[in-house]
Amino acid sequence: MRQKLNIVQKTIMIFCIATASVVAMSFSPVGERRNIKLHIWNNVGGKEIIYDNATYKNSTGQDYTITNLKYYISNITLTDTSGKVFTNKDSYYLIRQDDPATMDIELADIPMGNYKSISFLIGVDSLHNCSGAQSGALDPVNAMFWTWNTGYIFFKLEGKSPVSTSPGGIFEYHIGGYKAPANCIRKVTLDLNGDTDQPNMVNVPTGKLPDGKQLKISSINLSADIAKIMDGKTVIDIAKLSSVTDFRNAPAIADNYQHMFSLSNLNYDY
Amino acid sequence: MTIKKVVTISTLLCFVFLLSNFTEDNPYFKIGERDVTFQLPKGFPVPNYTFKNNKPTPAGFTLGRMLFYDPILSKDSTTSCASCHQRIAAFAHIDHPLSHGINGLIGKRNVPALQNLAWGQSFMWDGGVNNLEVQPLSPMTNPIEMNSDLGEVLKKLKHSDYYRTAFKEAYGDTLISSERMLKAITQFTGMMVSSNSRYDKFMRHEDTLSQFEFNGLIVFREKCAKCHREPLFTDESFKSSGLMPDTLLNDPGRELITGRYKDENTYKVPSLRNVAMTYPYMHDGRFRSLEQVLDHYAAGKFYTLNISPELLEARNLSDVEKKEIIAFLKTLTDKEFLYDRRFADPTYR
Chain A
270 MRQKLNIVQK
280 TIMIFCIATA
290 SVVAMSFSPV
300 GERRNIKLHI
310 WNNVGGKEII
320 YDNATYKNST
330 GQDYTITNLK
340 YYISNITLTD
350 TSGKVFTNKD
360 SYYLIRQDDP
370 ATMDIELADI
380 PMGNYKSISF
390 LIGVDSLHNC
400 SGAQSGALDP
410 VNAMFWTWNT
420 GYIFFKLEGK
430 SPVSTSPGGI
440 FEYHIGGYKA
450 PANCIRKVTL
460 DLNGDTDQPN
470 MVNVPTGKLP
480 DGKQLKISSI
490 NLSADIAKIM
500 DGKTVIDIAK
510 LSSVTDFRNA
520 PAIADNYQHM
530 FSLSNLNYDY
Chain B
1456 MTIKKVVTIS
1466 TLLCFVFLLS
1476 NFTEDNPYFK
1486 IGERDVTFQL
1496 PKGFPVPNYT
1506 FKNNKPTPAG
1516 FTLGRMLFYD
1526 PILSKDSTTS
1536 CASCHQRIAA
1546 FAHIDHPLSH
1556 GINGLIGKRN
1566 VPALQNLAWG
1576 QSFMWDGGVN
1586 NLEVQPLSPM
1596 TNPIEMNSDL
1606 GEVLKKLKHS
1616 DYYRTAFKEA
1626 YGDTLISSER
1636 MLKAITQFTG
1646 MMVSSNSRYD
1656 KFMRHEDTLS
1666 QFEFNGLIVF
1676 REKCAKCHRE
1686 PLFTDESFKS
1696 SGLMPDTLLN
1706 DPGRELITGR
1716 YKDENTYKVP
1726 SLRNVAMTYP
1736 YMHDGRFRSL
1746 EQVLDHYAAG
1756 KFYTLNISPE
1766 LLEARNLSDV
1776 EKKEIIAFLK
1786 TLTDKEFLYD
1796 RRFADPTYR
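These protein sequence lines map, in sequence, to chains A and B. The opening position of the first sequence corresponds to residue 270 in the numbering used here, with each subsequent residue numbered one higher. The opening position of the second sequence corresponds to residue 1456 in the numbering used here, with each subsequent residue numbered one higher.
If you are wondering where the hints come from, they were derived from the structure by calculation, not from laboratory data. Note that the coordinates shown come from a computational prediction; the quantities given were computed from them, not determined experimentally. Check the hints yourself; a few may be wrong.
Stated by the list, open to error - Dumping the calculated DSSO-like pairs for lysine-lysine here, alpha-carbon to alpha-carbon at most 27 Å: (1) Lys353(A) / Lys1507(B); (2) Lys1610(B) / Lys1681(B); (3) Lys497(A) / Lys448(A); (4) Lys353(A) / Lys306(A); (5) Lys448(A) / Lys1610(B); (6) Lys1510(B) / Lys358(A); (7) Lys1717(B) / Lys448(A); (8) Lys1507(B) / Lys358(A).
Claimed, not checked - Selected chain A positions facing chain B (in silico; Cβ < 7 Å): (9) Ser404; (10) Gly405; (11) Asn418.
What the hints assert, rightly or not - Distance windows between CB atoms, simulated: (12) Leu1560(B) / Gly437(A): 22 to 28 Å; (13) Ser328(A) / Ile1549(B): 47 to 53 Å; (14) Thr1759(B) / Asn534(A): 57 to 63 Å; (15) Thr1629(B) / Glu375(A): 42 to 48 Å; (16) Ser328(A) / Arg1684(B): 38 to 44 Å.
Glycine is no exception: its CB is placed at the ideal position from the N, C-alpha and C atoms.
Please construct the entire structure, taking both the sequences and the accompanying hints into account.
The structure is reproduced here in structure tokens:
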């Protein structure tokens, strides 16, 4: 038989719950979660990217300008010193040079931990290349989707060069493909302990301020050096290769863009 | 309740019902819940596309049907999906060897029939499309088909009162996105199931075949069914049919997609359902009749290097066997599918 609680029992119960909550809150840094901003700075060898008007030079002395830069990063994970992995769920981001808002990615609800590295894919995993009509970053309206050989264009770099033999002196590198032998998905892993710019930082995020408070990462700032695409394992000769829009030559460029990211610095709060 | 009341109410109901029929925007045919229930035909394998994240609804299907028949999807609003995919031809293009696109342009390949798409593992003659939902993007954006830009199409749809209402009915709000558009079209195309030909009914013991047709089935099973596998009449593989490549078309076939030399001149094995209705034949529509197709296979003169071993089995078909096979192929015509009102042009009165 159900009995109704009297007012005293109710009060005791509420009090107990409230006390338990307060205790739990004050003793639970373990359960604390926070958001970290991932910021990406696209550049060419440390120079700002300015569409049309800034001229860059590759290692073989060929001049070029940039007119369009877009790429996907996805499946962002953070790994802590014990090997535990935080996975940012459903993380598909289209970085567009013409939209600064896309260069700030919010990684939400990250449990506290001593994170030593960040990993992500340049491109879109194979499952999401075959998942039909999708929205958001993966909406084909973003013009990053091949319709004749369905799948996402992971990386688009377009520009002009006086040495190009394409009409209008343009070069265009549209890199995609999720299947062997032209799989252009590349995994990037960056060490977060490599940062030495920050004062008071012993290790991440265990660094302590003089008053004993703990430093915590608030943002991870990455540099994406587009020059590495031109000059990596393969040196791209724009005169010979001004257009890559399918699987031919794409993996070589993917091998180059795999190494374009580096950690600039970390920002902290406490 | 008095009898008078009952009579009054039922008269009123009748009147409302009649009125609702008259005021219906497209009085041709109204899609109901039953029309959008996907039935797995007896003896068919589990489909590849299961509508898991795209549950068909009458409003969604109706929207998809409208989009399929609406030239708004093409750049200059002249060419619809149905311009080339004619219902009377199992959604192939009768009497057109190569597809016709925008501005009178001629395509590179024969329009394939649309049926049993839910079982497709890839789409297009070269298998370049990996999911039924994104299939419409290919003709929409192809410069010699509909030559559209996806963003422009969405803009046009957003400017249409009809589509604002139709999207709202299908999805609950007026957001018009590519995902919603593509999923609605897929509700329509994915529902195209042909499983009621005389062959199917014969297999289900509901109908008979003549001795001649039955002989055709036996020869077919022996010499054709390895690739044109029952009950879908395709094994979804890519094969070279040994035809002399048309140098003017300069079409590498599946090699375009895979980049592998061994895939040169190979094309998706087409289903033979409703094949009597879909002439002309082959990837480039070079044969007018089934007789010509079988003559090609029987003659055994193959011009490509990578012909499949299965093709050799069809060599030396006798004249009688050819006639028997054709008689059998005609039993694959599915009138219930061809005349299914659900797939009719909704703008046609």
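Each hint tested on the structure:
1. Lys353(A) / Lys1507(B): violated, 33 Å
2. Lys1610(B) / Lys1681(B): Measuring from Cα to Cα gives roughly 47 Å; hence the hint is violated.
3. Lys497(A) / Lys448(A): Answer holds: Lys497(A) to Lys448(A) is near 24 Å, not above 27 Å.
4. Lys353(A) / Lys306(A): holds, 20 Å
5. Lys448(A) / Lys1610(B): Outside the cut-off at roughly 33 Å; violated.
6. Lys1510(B) / Lys358(A): Holds, at about 24 Å.
7. Lys1717(B) / Lys448(A): holds, 17 Å
8. Lys1507(B) / Lys358(A): holds, 21 Å
9. Ser404: Because about 4 Å separates Ser404(A) from the closest Cβ in chain B, which is inside the 7 Å limit, the hint holds.
10. Gly405: Violated. Min distance 9 Å.
11. Asn418: At 4 Å from the nearest chain B Cβ, Asn418(A) passes the 7 Å test, so the hint holds.
12. Leu1560(B) / Gly437(A): 22 to 28 Å: Distance hint for Leu1560(B), Gly437(A) holds at roughly 24 Å.
13. Ser328(A) / Ile1549(B): 47 to 53 Å: violated, 59 Å
14. Thr1759(B) / Asn534(A): 57 to 63 Å: holds, 59 Å
15. Thr1629(B) / Glu375(A): 42 to 48 Å: violated, 28 Å
16. Ser328(A) / Arg1684(B): 38 to 44 Å: Violated - the Cβ-Cβ distance for Ser328(A) and Arg1684(B), about 55 Å, lies outside 38 to 44 Å.
Comparing the model with each numbered hint stated earlier shows that hints 1, 2, 5, 10, 13, 15, 16 do not hold.
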